[in-house]
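Taken in order, these protein sequences are the chains called A and B. So for the first sequence, this note's numbering puts the first residue at 1; every next one is plus one. So for the second sequence, this note's numbering puts the first residue at 1; every next one is plus one.
Treat each hint with caution, since some may be false.
What the hints assert, rightly or not - Heads up, simulated DSSO-like pairs for lysine-lysine below, C-alpha to C-alpha not over 30 angstroms straight-line: (1) A:589 to A:626; (2) B:324 to B:356; (3) B:240 to A:500; (4) B:160 to A:164; (5) A:725 to A:778; (6) A:161 to B:285; (7) A:467 to B:285; (8) B:168 to A:500; (9) B:160 to A:726; (10) B:324 to A:164; (11) A:593 to B:5; (12) A:161 to B:324.
Stated by the list, open to error - Covered stretches of chain B (in silico footprint by chain A; criterion: 3 or more residues with CB under 8 angstroms from a CB of chain A, positions within the stretch not fixed): (13) 159-172; (14) 380-386.
Treat the hints as calculated values from the structure; they're not laboratory data. Yeah, the Cβ is synthetic: ideal placement off N, Cα and C, and Gly gets one too.
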Amino acid sequence: MNPVKVKIGGFMTIDQIIDTLKRDEQFNTNTTHWKHIPAREPSYAAFPANLDARIITALQQRGIKQLYTHQAAAIESAIERKNTVIVTPTASGKTLCYNIPVLNAVLKTRQARALYLFPTKALAQDQVTELHRLVELLAGQIDFDIKSYTFDGDTPATARKAIKSSGHIVVTNPDMLHTGIMPHHTTWVKLFENLEYIVIDEIHHYRGVFGSHLGNVIRRLKRICKFYNSHPVFICCSATIANPLELTERLTGEKMCLVDNNGAPQGEKYFILYNPPVVNRELGIRRSCIKETERIAFRFIQHLVQTIVFVRTRMNVEILLTYLKDAMRNNKKSPSLIRGYRGGYLPLQRREIEKGLRDGSITGVVSTNALELGIDIGQLQVCVMAGYPGTIASTWQQAGRSGRRAGSSLAILVASSSPLDQYMVNHPDYLFSKSPESGIVDPDNLIILLSHIKCAAFELPFTSDEKFGSRFDNSGGLDSTREILEFLAEEHILHEADGKWHWMAETYPAEAISLRSAAEENVVIIDKTHPDEKVIGEIDLFAAPLMVHDEAIYIHEGQQYHVDKLDWERRKAYVHEVEVDHYTDAQLKSDLKVIEIIEENQRETCTIGYGDVVVTNLATMYKKIKFNTHENIGWAKINLPELELHTMAFWYSFPEHVAELLGIDGQQLGDGIKAVSNVFSRVVPLFVMGDMRDFASMPMVRAPLWQKPTVFVWDQYPGGVGFSKKLFHIYAAAARAAIGLISGCGCQNGCPSCVGPVLEVGEHGKATAMLLLDYMIKNAE
Amino acid sequence: MISVKEKLRGLVPASGLKPEPVLNKETSISLMVPGLDAQVVTNNSGSFLLREKRFPVDFNHGGLLKEFLTLQGTDFIYAGKNPQLAVIQPEQVLFIDTETTGLAGGAGTYAFLVGIGFFENGEFIVQQFFMRDYSDEPALLEALNHLLTGRAALLSYNGKAYDIPLLKTRCIMNRNTLYWDDFLHLDLLHAARRLWRKTLPACSLQNIEQSILGFRRQGDIPGAEIPYMYFAYLRSRDIKPLLPVFRHNVMDILSMVSITVKVCRAFSEWEKLQYEHYDLFAIVKTFEELGRHELASQACSAFIGFEAHPDLIQFMLKNAMLMKKMQRFEEAETLWQQVIDRAAWFVPEPWEELAKYYEHRRRDYAMALDIVERAEKRLEISLELHGNNDPAVYEAFVCRKQRLLKKQNRFLSGDQP
Numbered sequence: 001m002n003p004v005k006v007k008i009g010g011f012m013t014i015d016q017i018i019d020t021l022k023r024d025e026q027f028n029t030n031t032t033h034w035k036h037i038p039a040r041e042p043s044y045a046a047f048p049a050n051l052d053a054r055i056i057t058a059l060q061q062r063g064i065k066q067l068y069t070h071q072a073a074a075i076e077s078a079i080e081r082k083n084t085v086i087v088t089p090t091a092s093g094k095t096l097c098y099n100i101p102v103l104n105a106v107l108k109t110r111q112a113r114a115l116y117l118f119p120t121k122a123l124a125q126d127q128v129t130e131l132h133r134l135v136e137l138l139a140g141q142i143d144f145d146i147k148s149y150t151f152d153g154d155t156p157a158t159a160r161k162a163i164k165s166s167g168h169i170v171v172t173n174p175d176m177l178h179t180g181i182m183p184h185h186t187t188w189v190k191l192f193e194n195l196e197y198i199v200i201d202e203i204h205h206y207r208g209v210f211g212s213h214l215g216n217v218i219r220r221l222k223r224i225c226k227f228y229n230s231h232p233v234f235i236c237c238s239a240t241i242a243n244p245l246e247l248t249e250r251l252t253g254e255k256m257c258l259v260d261n262n263g264a265p266q267g268e269k270y271f272i273l274y275n276p277p278v279v280n281r282e283l284g285i286r287r288s289c290i291k292e293t294e295r296i297a298f299r300f301i302q303h304l305v306q307t308i309v310f311v312r313t314r315m316n317v318e319i320l321l322t323y324l325k326d327a328m329r330n331n332k333k334s335p336s337l338i339r340g341y342r343g344g345y346l347p348l349q350r351r352e353i354e355k356g357l358r359d360g361s362i363t364g365v366v367s368t369n370a371l372e373l374g375i376d377i378g379q380l381q382v383c384v385m386a387g388y389p390g391t392i393a394s395t396w397q398q399a400g401r402s403g404r405r406a407g408s409s410l411a412i413l414v415a416s417s418s419p420l421d422q423y424m425v426n427h428p429d430y431l432f433s434k435s436p437e438s439g440i441v442d443p444d445n446l447i448i449l450l451s452h453i454k455c456a457a458f459e460l461p462f463t464s465d466e467k468f469g470s471r472f473d474n475s476g477g478l479d480s481t482r483e484i485l486e487f488l489a490e491e492h493i494l495h496e497a498d499g500k501w502h503w504m505a506e507t508y509p510a511e512a513i514s515l516r517s518a519a520e521e522n523v524v525i526i527d528k529t530h531p532d533e534k535v536i537g538e539i540d541l542f543a544a545p546l547m548v549h550d551e552a553i554y555i556h557e558g559q560q561y562h563v564d565k566l567d568w569e570r571r572k573a574y575v576h577e578v579e580v581d582h583y584t585d586a587q588l589k590s591d592l593k594v595i596e597i598i599e600e601n602q603r604e605t606c607t608i609g610y611g612d613v614v615v616t617n618l619a620t621m622y623k624k625i626k627f628n629t630h631e632n633i634g635w636a637k638i639n640l641p642e643l644e645l646h647t648m649a650f651w652y653s654f655p656e657h658v659a660e661l662l663g664i665d666g667q668q669l670g671d672g673i674k675a676v677s678n679v680f681s682r683v684v685p686l687f688v689m690g691d692m693r694d695f696a697s698m699p700m701v702r703a704p705l706w707q708k709p710t711v712f713v714w715d716q717y718p719g720g721v722g723f724s725k726k727l728f729h730i731y732a733a734a735a736r737a738a739i740g741l742i743s744g745c746g747c748q749n750g751c752p753s754c755v756g757p758v759l760e761v762g763e764h765g766k767a768t769a770m771l772l773l774d775y776m777i778k779n780a781e
Numbered sequence: 001m002i003s004v005k006e007k008l009r010g011l012v013p014a015s016g017l018k019p020e021p022v023l024n025k026e027t028s029i030s031l032m033v034p035g036l037d038a039q040v041v042t043n044n045s046g047s048f049l050l051r052e053k054r055f056p057v058d059f060n061h062g063g064l065l066k067e068f069l070t071l072q073g074t075d076f077i078y079a080g081k082n083p084q085l086a087v088i089q090p091e092q093v094l095f096i097d098t099e100t101t102g103l104a105g106g107a108g109t110y111a112f113l114v115g116i117g118f119f120e121n122g123e124f125i126v127q128q129f130f131m132r133d134y135s136d137e138p139a140l141l142e143a144l145n146h147l148l149t150g151r152a153a154l155l156s157y158n159g160k161a162y163d164i165p166l167l168k169t170r171c172i173m174n175r176n177t178l179y180w181d182d183f184l185h186l187d188l189l190h191a192a193r194r195l196w197r198k199t200l201p202a203c204s205l206q207n208i209e210q211s212i213l214g215f216r217r218q219g220d221i222p223g224a225e226i227p228y229m230y231f232a233y234l235r236s237r238d239i240k241p242l243l244p245v246f247r248h249n250v251m252d253i254l255s256m257v258s259i260t261v262k263v264c265r266a267f268s269e270w271e272k273l274q275y276e277h278y279d280l281f282a283i284v285k286t287f288e289e290l291g292r293h294e295l296a297s298q299a300c301s302a303f304i305g306f307e308a309h310p311d312l313i314q315f316m317l318k319n320a321m322l323m324k325k326m327q328r329f330e331e332a333e334t335l336w337q338q339v340i341d342r343a344a345w346f347v348p349e350p351w352e353e354l355a356k357y358y359e360h361r362r363r364d365y366a367m368a369l370d371i372v373e374r375a376e377k378r379l380e381i382s383l384e385l386h387g388n389n390d391p392a393v394y395e396a397f398v399c400r401k402q403r404l405l406k407k408q409n410r411f412l413s414g415d416q417p
């Protein structure tokens, strides 16, 4: 089918859209906040004095007569060889902040090299296009070529040699650096000997597990640089978060300078917070966020207004895509104007969709956060977010996909009934004022650390006195390095000879270590619909029992598949195409044991602490849920082995007699603890950047170790990545937010949007939770 | 407080390996192993183990070793498809083969055994440089550097992709200055692939030994097990189980000598080859790519003599193109005509070439037109019978025909062509 070519925005302007929305009464009743963000004037600064005149000439040729204030500050700082982190909003011209110091270095010394890291391949490719434009302008003024290349899994073998020896700027992603470059550093001698700058863009993206991995990838990178006697400077860019300095310093392991005096202009923007209407007041049930998003997005798409729709999960991409395509069909419009976009699609398919968005042949795209980062998809007019994207930084980046470059644009956040969403739409200040959320990483997570010490030993043998993670000046580093080396030697992975620890295995460690997924092994999904079986996707080990258990309905690319068999031993799920009117939803049963207390604060009124725990997860059963009506049409058991998670948890214990203190009975206390546990884990992401899936919680009326009513909140990653420790310090603020969430919720006795449904937390759950949270705040220091 | 090690034991799934005790932490190992015959060598960087084996030059290893000494520069040119190899003298060649701790490559893969073979004073000597432990590596590389410095050429089997990059990496890791890129290098695997890709299931050294040298190794070890054998040795310090690895390495080097002779002879005595066993077309192409058109053409003519050869048409076309390159157009014309007469299917090339030849060289537009029209007819027939013509080919003939018609008209009307 040929895509219909449409002129972008040929049918409605943003002003017209705003106008129709304003006149739509039903829409307005559900709107909790209507924010108009006026256009922002630029503020400029002179070119820094330490900048090569040829670059100034080149920029002027490109029409850049002066720099924005933050650009000038960042460039000056980086040229002075200070590690610099730039914190500015989307589309503020941050690429110049690193491209200019890098080109400046190459003009000064023609051997100079730089390494750029982007979280995705697509971003890296865009970046090189941008660099080429700048380099072309310099070409007339210099007698050599400045070469920049992407280096990733798609780079043809024939091009690799030239990139290794003559690429001034190598643009890659952390995964490729980890598996493709560092293990082969001896073929990159020119790069490592002359490395002047390491650029890490979108650094706020590296949080949690991915960030903890990146911290270690950088530790390895610095080790290699030291071997080749180079001392590169870091330039990092981040979206607005609460702790950009802390995060980048943790990731780079070096002292950083902060530049955040944004001078970039901004187009006018409308930002609407929309809360779907309540359909059942008692249960606090609202109309489905996906259905509402469908309705809202469709009104734009049917008028051929280019619209991007963000959803939280890959599955929702497919569900919403199905809905929207149906709506198009019913309205006699081509369903091919709407496409899905998410991880798991093939690269070529993705490039085709990106191109379609740029040239206007695609009107609507339903995407996961895969499109949130700066992949060039041109200027869309409207962004609809089905649910709060999880972090403020993501929200602004997603909203920024409409009207990135200037001009008016519209962003609509459609709240789901998830507690976080409900908090957001009812507390607009949280979104529109200074960000309270922190990027948390823990590069010292033992499992992650162990993986990277293996890789590091493969790359360069360890010396006995070496401390992994030390700075360029050799200070700092991990005291436990030696003990980990000994452990690996006992496992026959390393071998010590004359005070050096060598890799002693036939395999290649980096290959087995994924920077992004929690489990080392993924479950492969194999389609057996046709005689020639084919792999259609992968799913991580911890998610597999929920997503691809026997008899599950798994949705991929809008197609439903029935899981015939999950071969747990071989990590394979066999599926075949089906067309049914329902999907499946699996339930998880968890248990928790405290192994070691790391820090604890025991008071008369309460005990708070965090430490190592073991959580056991067991997928127990699944429900079949009908599309559209969401009614439960059956269930069955899941027979899969228990998964054990060694991680870190935060806990809060009330005194044994808390029920008497608050004048409630035992039943109420049980329900109340459950309610607090629910609400607490739900507000954590307001302070700690992460996905709701990254945390889990559990109430215990009598925790085995203390015999006290206790709430546990833990990291859903082996070894933990620092969330629990953070929570130990900010739990009172979280409790306050929890009260804000509960009091802002319109339900009577509790609903899934605040403390959990009445069926789960009882008639008094909501009220008791308020009492308990109030107790927590009053007794906080 | 739980120790880091204990935590790791809880977090990491058990490797399944029993914590096998390191039996002997001493670097000294017993060399009193029959058949080892090795000695410890010490230099500025430390020490390592050197094993040396000597073979008389009239030793027969699928051919006499001394035959290698009769090879000349031109032999190496053809075998390596590289004119720079002309300067190689057989006495200067170092045969090289490594045994490594892994097959994936990368900075953490070590060459624990480096075997070097060379001719000296009427003998063929194989020297094996062995790391008794990782700490021997600097000394091993220093000795290797010493042996290699001043030599002109390396000869390997897959060394360009494997052994040499690995040794280069080892040198960088140990800050050893040996500059590997300076050597002339003949990689036999490339030659073997050219000659035997079509006739052998795989061009592994062992396969070629069997099919070309005509013997089968007894009691050899599978290559994939070698890293594990070395790791087991590192833990046990018992070198005896490694003896088969040393022997495997010697065997590889000896076979490289004999295979080189076979490869070189294939190019120098191509008249004697049996086409069932060699890719003769590859020989012609090698000559051609080295600019030896006359020789390539001679070989073509000779191979055309094998009436039953499946690539007969290919040889004729190649020969015609060679004639064209040598400006011997009449001979080329005859060959193209022969292909047209003999090919049982439609081959576009001779038609195109003849049309070009008549048009541009002979300026005989009538003849050119005749060829193009006949080609068109043949294509139509072929479409009728097989239903699968390449439209681009047909299109090209139609265009050519139109251009020719115009030219002919202008020519007939008296304009200058």
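* To do: Verify the proposed pairing of residue 160 of chain B with residue 164 of chain A, using a straight-line Cα cut of 30 angstroms.
  => holds (18 angstroms)
* Are residue 725 of chain A and residue 778 of chain A close enough, with their CA atoms no more than 30 angstroms apart? -> holds (21 angstroms)
* Are there three or more residues in the stretch 159-172 of chain B whose C-beta lies closer than 8 angstroms to some C-beta of chain A? -> holds (count 4)
* To do: Could you grab the alpha-carbon distance between residue 324 of chain B and residue 164 of chain A and see if it respects the 30 angstroms cut-off?
  => Violated: residue 324 of chain B and residue 164 of chain A sit about 41 angstroms apart, past 30 angstroms.
* Confirm or reject the coverage of the stretch 380-386 of chain B by chain A under the rule of 3 or more residues with a beta carbon closer than 8 angstroms to the chain's beta carbons. => violated (count 0)
* Under the criterion that the straight-line Cα-Cα distance not exceed 30 angstroms, is the pair residue 240 of chain B, residue 500 of chain A satisfied? -> OK: residue 240 of chain B and residue 500 of chain A at ~25 angstroms, within 30 angstroms.
* Does the structure keep residue 593 of chain A and residue 5 of chain B at a Cα separation of 30 angstroms or less? -> holds (20 angstroms)
* To do: Compare the distance between the alpha carbons of residue 589 of chain A and residue 626 of chain A with 30 angstroms, and conclude whether the hinted pair is satisfied.
  => holds (23 angstroms)
* To do: Quickly compare the C-alpha distance for residue 467 of chain A and residue 285 of chain B to 30 angstroms and report which way the hint goes.
  => With Cα atoms ~57 angstroms apart, residue 467 of chain A and residue 285 of chain B exceed 30 angstroms; violated.
* Between residue 168 of chain B and residue 500 of chain A, is the straight-line Cα distance small enough, at 30 angstroms or below? -> Since the Cα atoms of residue 168 of chain B and residue 500 of chain A sit roughly 21 angstroms apart, the hinted pair holds (cutoff 30 angstroms).
* Does the structure keep residue 324 of chain B and residue 356 of chain B at a Cα separation of 30 angstroms or less? -> Cα-Cα ~12 angstroms, so holds.
* Given the hinted pair residue 161 of chain A and residue 285 of chain B, is their alpha-carbon gap at most 30 angstroms? -> Holds - the C-alpha atoms of residue 285 of chain B and residue 161 of chain A are around 27 angstroms apart, at most 30 angstroms.
Violated hints for the displayed structure, listed by number in ascending order: 7, 9, 10, 12, 14.
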